[in-house]
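Residue numbers (the numbering used here), protein chains in the order written: chain A, 170 to 575; chain B, 170 to 575.
Hints are not guaranteed to be accurate.
As the list makes no split between identical chains, a pair holds if one copy fits it or if it spans any two.
[As the list claims (entries may be wrong)] Below, in silico cross-link-like pairs of lysine-lysine (DSS-like), each with a Cα-Cα straight-line distance of 25 Å or less:
hint, residue 1, residue 2
1, K275, K292
2, K288, K275
3, K218, K187
4, K288, K441
5, K218, K189
6, K255, K232
7, K187, K232
8, K232, K275
9, K255, K279
10, K275, K255
11, K232, K190
12, K288, K232
13, K561, K528
14, K537, K428
15, K405, K360
16, K528, K357
17, K292, K196
18, K428, K357
19, K292, K255
20, K218, K255
21, K404, K187
22, K232, K196
23, K471, K441
24, K292, K232
25, K232, K189
Simulated from the structure, these hints should not be mistaken for laboratory data.
Number of protein chains: 2
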Amino acid sequence: MQRIVQKFGGTSVGSISKIKKVCELIKKEFENGNQVVVVSSAMSGETNKLVDLAENFDVTNNKTEYDMILSTGEQISIALISMALKEIGIHAKPLLGWQVPIIGSKEQTKAKINKIDNKLLLKIINNNEIPIIAGFQGVDDDNNIVTLGRGGSDTSAVAIAAAISADRCDIYTDVDGIYTCDPRMVSKAKKLERISYEEMLEFASLGAKVLQTRSVEMAMRYNVTVQVLSSQTGKKGTFLTKEDKKMENELVSGIAYTKDEANITLINILDKPGVAAKIFTPLSESNINVDMIVQTGSENGKNINFTYTVSRKDLKQAILIMEENKNNIGFERLITNDSLAKISIIGLGMRTHTGVANKMFSALASEKINIHVISTSEIKISVLINEELIKKALNVLHTTFGLDSY
Amino acid sequence: MQRIVQKFGGTSVGSISKIKKVCELIKKEFENGNQVVVVSSAMSGETNKLVDLAENFDVTNNKTEYDMILSTGEQISIALISMALKEIGIHAKPLLGWQVPIIGSKEQTKAKINKIDNKLLLKIINNNEIPIIAGFQGVDDDNNIVTLGRGGSDTSAVAIAAAISADRCDIYTDVDGIYTCDPRMVSKAKKLERISYEEMLEFASLGAKVLQTRSVEMAMRYNVTVQVLSSQTGKKGTFLTKEDKKMENELVSGIAYTKDEANITLINILDKPGVAAKIFTPLSESNINVDMIVQTGSENGKNINFTYTVSRKDLKQAILIMEENKNNIGFERLITNDSLAKISIIGLGMRTHTGVANKMFSALASEKINIHVISTSEIKISVLINEELIKKALNVLHTTFGLDSY
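Turn these sequences into a full structure, and let the hints steer you where they fit.
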């Protein structure tokens, strides 16, 4: 017997017939003799409808109300799942955040989970019933309903798995796992059997939308084994676990990319302490997210050049802010490039192996792909290249790092 | 300063613009220096949509789920009202049944209110804020959401008024009060300034849909002053109170009617003990509601005739049941009439005045209106007549009992 949390996203429960299909997946695990806890999102489209309704008013001053409205989406979906399960002879018990209870912080609309009381949940599963828990919601110390922000249902599922010491947390989505690279870009991309939390965090932060960064952090913190799999097929997916021996042998586990990057280079800034703050403070005040940052010395040794990347949609505003602060920052002129993409190779093996970066740069050079900016972390190397070369770059790197035959 | 509960029905909060209008009514009472508590139904149409969704499954075995789904309607409307109030500068606090808490019985889908904890409500109103409470819902001792059944929001409002010793419970509807008779039938019908709980109970049980019987019983039990008024005009409506001197002078307060009545007469039954049970047990087992019952002796003194009325929609099934039980009941034959209407005069004065019935029968006779069945209660006399004569009968009675110039 295993204890399993099954989490279903909005598209998996988007209609009565889809809910019935999902219930077959639940029934299968249950009839295999496992203890099962289900976590569900709202039916797809519902949350957006509720947001539209709430946004008839100023949400900033009405977060209690906003969370009260949004939480109805999951309230409906879990009741429907519970009904559908009973119809096929399985005892289920729908539970809202406050009924579990899942105690959230007071940060309404983006609360953190502070504590999950597992007593009721354990009582239900030990009674051979299945709790169906509303994802994305909790209750704060003042009995207000709070929601956890976008992707919060994944976080709910992982936190519940931790609270009841589940053997596994299965996240059902519309993809069947984590791939070495986007299969639409690299035809030889393979599904990974396993990936470490650290690597998955890098994937998630690079916009591979399968799992929310928060839920991966939560899984890593509490050492929850997470499986990402398809609700269409129910076939074995990709497991997220802490690193093991096998993983260390892999130099690179996967390659991620983001399009729609742009960069700004400020030329000839007099190198004085505090210049970075002068550049980035006004950007952050305008909620512009800066990603890669590179500082290079200029020829004369006194001046420097500063390059950073922003989302392409933010480029126009970022240029405006730079021009407004031109005297304060003290740069001579700026140049921009608005057709860039970022490619990142990710792998635990980089921590212990040298030469990975060189191998990457050589492979790109062999295809005459120019690198604009480089940034590295312990288990990731990212490069900025021209967007039109992205497919070519992904494929050469996929082959170079032995992923074609993974 | 008065303490006032304001209850708004689904049509009053059926859109964002209607909600904003309702908030003006709330603001007016609040800015007059009153303490205000608001109770709201779901936006019109929403509850039916939720019922349709839930009825994809067998509701009988899924009452927890059904109530969980249905309660989302009010959850959304109270949050929107709260947001709209803040927009016009009034501090509001939306509260669900479990947050108040309103403790309901375990009779899911038709729970009774067992207890309302007034501590939080008093704290909020003493803090110069307005609690906006979800009608129609409560929570049982096991933390399950329960709903109160159709018209439950009126009952919520009256119970909350009782719990906080409100001076008044204003029920806003789409009519502007209780009338001496249906104005569509009697052009001289007048709006009543006051009506006693007892009289209103008779009106409500006769299908005058302004207030649910349960909410009137609750008001009577806890002596809550209820006002029925229009959310369109906000003008003074009709007050429900316990009877006073003034009321006793009125012989008849109003005239109610129901169409779609039918009757069945069983001819020549041998008069033995238990015959009534033999007739009515199988009807009640088929959920057929029997209203007026009259037993008359037959000529020979040994046999009796039995007449009773049912809803016209139930007539066919009732005849079938009688035929099936013909031998057991022991009647000779049955005759039916499926085009009847019931007219009732209602008034506290009947308790102390004699001759009211005679006056009614004479008035109907003067218009050549034949009476099929009569039944009386302490403050009501009902007669069954042919349906096509209903308008004529209502008007002559309205004049006879002095209501034209009320």
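Hints, one by one, checked against the model:
For the homomeric pair K275 and K292, the shortest alpha-carbon distance between copies (20 Å) is at most 25 Å, but the shortest distance inside one copy (28 Å) is not. Taking the shortest alpha-carbon separations for K288 and K275, both the intra-copy value of 23 Å and the inter-copy value of 22 Å come in at or below 25 Å. For the identical chains of this complex, K218 and K187 are neighbours both inside a copy (20 Å) and across copies (19 Å), given an alpha-carbon limit of 25 Å. Neither within a single protomer nor between protomers do K288 and K441 lie at most 25 Å apart by alpha-carbon distance, with minima of 59 Å and 62 Å respectively.
For the homomeric pair K218 and K189, the shortest alpha-carbon distances inside one copy (23 Å) and between copies (20 Å) are both at most 25 Å. In this assembly of identical chains, K255 and K232 lie within 25 Å of each other by CA distance solely across copies; the values are 12 Å between and 35 Å within a copy. Proximity of K187 and K232 under a CA criterion of 25 Å is satisfied inter-copy only: 22 Å between copies versus 32 Å inside one chain copy. Within a single copy, K232 and K275 get their C-alpha atoms as close as 10 Å, which meets the 25 Å cut-off; across copies the closest is 32 Å, which misses it.
In the homo-oligomer, the alpha carbons of K255 and K279 lie at most 25 Å apart only across protomers (21 Å), although the nearest pairing inside one protomer, at 33 Å, exceeds that limit. For the homomeric pair K275 and K255, the shortest alpha-carbon distance between copies (20 Å) is at most 25 Å, but the shortest distance inside one copy (35 Å) is not. Proximity of K232 to K190 under the C-alpha cut-off of 25 Å is restricted to the inter-copy arrangement: shortest distance 22 Å between copies versus 35 Å within a copy. For the identical chains of this complex, K288 and K232 are inter-copy neighbours only, at 24 Å across copies versus 30 Å inside a copy, given an alpha-carbon limit of 25 Å.
Taking the shortest alpha-carbon separations for K561 and K528, only the intra-copy value of 16 Å comes in at or below 25 Å, while the best inter-copy value is 100 Å. For a Cα distance limit of 25 Å, the shortest separation of K537 from K428 inside one copy, 19 Å, qualifies, whereas the shortest one across copies, 89 Å, does not. Taking the shortest alpha-carbon separations for K405 and K360, only the intra-copy value of 10 Å comes in at or below 25 Å, while the best inter-copy value is 71 Å. Taking CA atoms no more than 25 Å apart as the test, K528 paired with K357 passes inside one copy only; the shortest distance there is 20 Å, against 96 Å between copies.
With identical chains, the CA atoms of K292 and K196 are at most 25 Å apart within one copy only, with a shortest distance of 19 Å there and 47 Å across copies. For a Cα distance limit of 25 Å, the shortest separation of K428 from K357 inside one copy, 20 Å, qualifies, whereas the shortest one across copies, 75 Å, does not. For the identical chains of this complex, K292 and K255 are intra-copy neighbours only, at 19 Å inside a copy versus 42 Å across copies, given an alpha-carbon limit of 25 Å. Taking the shortest alpha-carbon separations for K218 and K255, only the inter-copy value of 22 Å comes in at or below 25 Å, while the best intra-copy value is 28 Å.
For a Cα distance limit of 25 Å, the shortest separation of K404 from K187 inside one copy, 17 Å, qualifies, whereas the shortest one across copies, 50 Å, does not. In the homo-oligomer, the alpha carbons of K232 and K196 lie at most 25 Å apart only across protomers (21 Å), although the nearest pairing inside one protomer, at 37 Å, exceeds that limit. With identical chains, the CA atoms of K471 and K441 are at most 25 Å apart within one copy only, with a shortest distance of 9 Å there and 119 Å across copies. For a Cα distance limit of 25 Å, the shortest separation of K292 from K232 across copies, 21 Å, qualifies, whereas the shortest one inside one copy, 33 Å, does not.
When the C-alpha separation of K232 and K189 is checked against a cutoff of 25 Å, the pair qualifies only between copies, where the shortest distance is 19 Å, while the shortest distance within a copy is 34 Å.
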